[in-house]
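Novice: From first to last, the protein sequence lines are chains A and B.
Position 6 of the first sequence, counting from 1, maps to 3 under our numbering, and the rest follow consecutively.
Position 160 of the second sequence, counting from 1, maps to 590 under our numbering, and the rest follow consecutively.
Keep in mind that the hints were calculated from the coordinates and are not lab data.
Even for Gly, the Cβ is constructed at its ideal location relative to N, Cα and C.
You can trust all of the hints, since none of them are fake.
Below, simulated EDC-like cross-link-like pairs (lysine to aspartate or glutamate); rule was C-alpha separation at most 20 Å, straight line:
hint, chain 1, residue 1, chain 2, residue 2
1, A, Lys81, B, Glu462
2, A, Lys73, B, Glu450
3, A, Lys128, A, Glu117
4, A, Lys81, B, Asp451
Pulled from the structure, derived: some chain B residues nowhere near chain A, Cβ distances all over 10 Å:
hint, residue
5, Pro440
6, Ser519
7, Ser521
8, Thr527
9, Tyr535
10, Leu549
11, His572
12, Asp588
Every beta carbon over 10 Å from chain B, so not counted as near; a handful from chain A, in silico:
hint, residue
13, Ala38
14, Gln42
15, Val56
16, Ile59
17, Leu60
18, Ala107
19, Leu112
Residue strings, one per chain:
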Amino acid sequence: MESILRGIAIYTILLVILRLSGRRTLAQMTAFDFVLLLIIAETTQQALLGDDFSIANAVLLILTLFVADVVLSYVKEWMPSAGKWIDGVPTVLISLGKPDQRAMQRARVAMDDILDAAREQHGLERLDQIKFAVLEVGGHLSIIPAEKISLPRASRRTAAQ
Amino acid sequence: MNEIEISQPPIRDDGLQIEEDRSFQERFWTIERWAWLVFGLILLLALTGLMGGGGLLSHSTVDLEAGQVDYPRVARWESADEITVAFASSSPEHRLTISPQFSKYFQIEDIQPLPDRSLASSAGETMVFKSEDGSPSQVVLHLRAQRPGLARYDVSLDGGSPVGATTVVLP
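Chain B extracted, bound-state conformation (with noise of 0.2 Å):
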């Protein structure tokens, strides 16, 4: 069996042993100040949304013919989001269809409010919402998402032409 050599630290000029790579340390020093930097430049992007968990940023905004979808743009491993719909149009019966993709990354916890019937297609789970009045209205979708990664799917209202929309879902 091989044994180990133990090195001994050399004696300074001072008289100390001791392993001091000055040269070594310097660059590190060099090296923690410019991490220092990116923490606060991740903290910067955190405080601005781009990390998910709200801020101006974490979500973003697409209009559709027949409203608007409030979608999350940076979302968190495990923890909850949500989307928004606001119909635009006065009708008794307004549909969001959301293309399978999205059910790999996301789980819905909570429809508010709930949906009348779904119905499951190639294009993927359209949701039929009943209102009373006809007047336009606003669906939210609580969700949790599952896995992490970049979440590509698509959302139509309506039944008009699908919109592409991303999340990022940060692990």
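Next comes chain A alone, as it looks inside the complex (with noise of 0.2 Å):
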């Protein structure tokens, strides 16, 4: 019985804090914030396990973790304000152009990280070249292109044979 308490704790407790800490603490993946992760998995594994390294009370631990995440996402499912709690909801941060300065600041974005993910996802050069930027649940931002970005003639032709 403690292994299960122990893990729906531990799924609790977790999902409160990270929720809480906000979109952007985990999603921006640095070097640093991987070798956090690692840090916060091993803590968690000790206090997921206590003294009981046996292969019965691990299997049940996986089993409680697997459960509580189906059992949360049809929670989400029947009750979709219940979902605005858990996931969040998306945030638009540049619509038409034009950037939501008071959005950026409350989710912690800074313009840098949307020209980063504006090069990296359509190789944009400027901010005018963004329609929409939007920090989406899971933290990481899309990018919406101010100009469908067409391929030459020449190479549609190519392309096309």
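Bring the two chains, given one by one in their own frames, into a single complex with the hints.
Specialist: Pasting the structure below:
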């Protein structure tokens, strides 16, 4: 019984802390964030297992975590409002090329982060080439370019052949 | 079987089809900031010792006629802690009695110095320590909390009147 209670407690605590830390906290994934994630995993592992290193305990914990995840996905389906609290909602940071300074500041997203995502996703060079920038629920930025990047005619013909 | 209706996100004035609930997000950002404050307060409490694991306020001292007992005010489940007993009087034999409630929450892993003998009674467990030169001595009980909760127990020294001690065992 203790294993299941531990599993549920740790699952809930991690969910609450990660959610309240903000979407950008671990989504940026710098080298340091990766190390931080490993440390959190190691710390959590000790709290989960206690001094019981048996296979039975490990199996119970794995099942508890998976079942908790499945239950949570049903809760989100049945109650969309709960889904908002658990996952959050997307935030539009740039709309029709106009940055929303307040949203960026509250969501802790710098202009550099948006330009970084724009370069990475579409090879965009400047801010005026971005039509929309959205901070998604997963914490990553999605960029919609101002103009659809079309291939030159010659390239299109080659591609069609 | 009922089919689940899949709703589509609304199309905004700027043409983006997205379920952006800005009022909810604003509320959540405010909650987030308050939560960070609470995180900070928890860390401050931990630094003072009120979350166990050492620190100025993690232990409490109670004075008895026959000496002094330093016990954990806050302990952590499955973590090591200690009780230090300092006998004030010079005597060839000292007695430490701890009520039975204590053993429900704590396992004694080691005692330094080891008692000469241990006696069980309705008042609890009495440990008898011998002192070779009769000088005041100190005894350290190394403990490990066995369950979370509020541990209330009595401690008495050299057969004196018992004094209550309370330890919060954090999960």
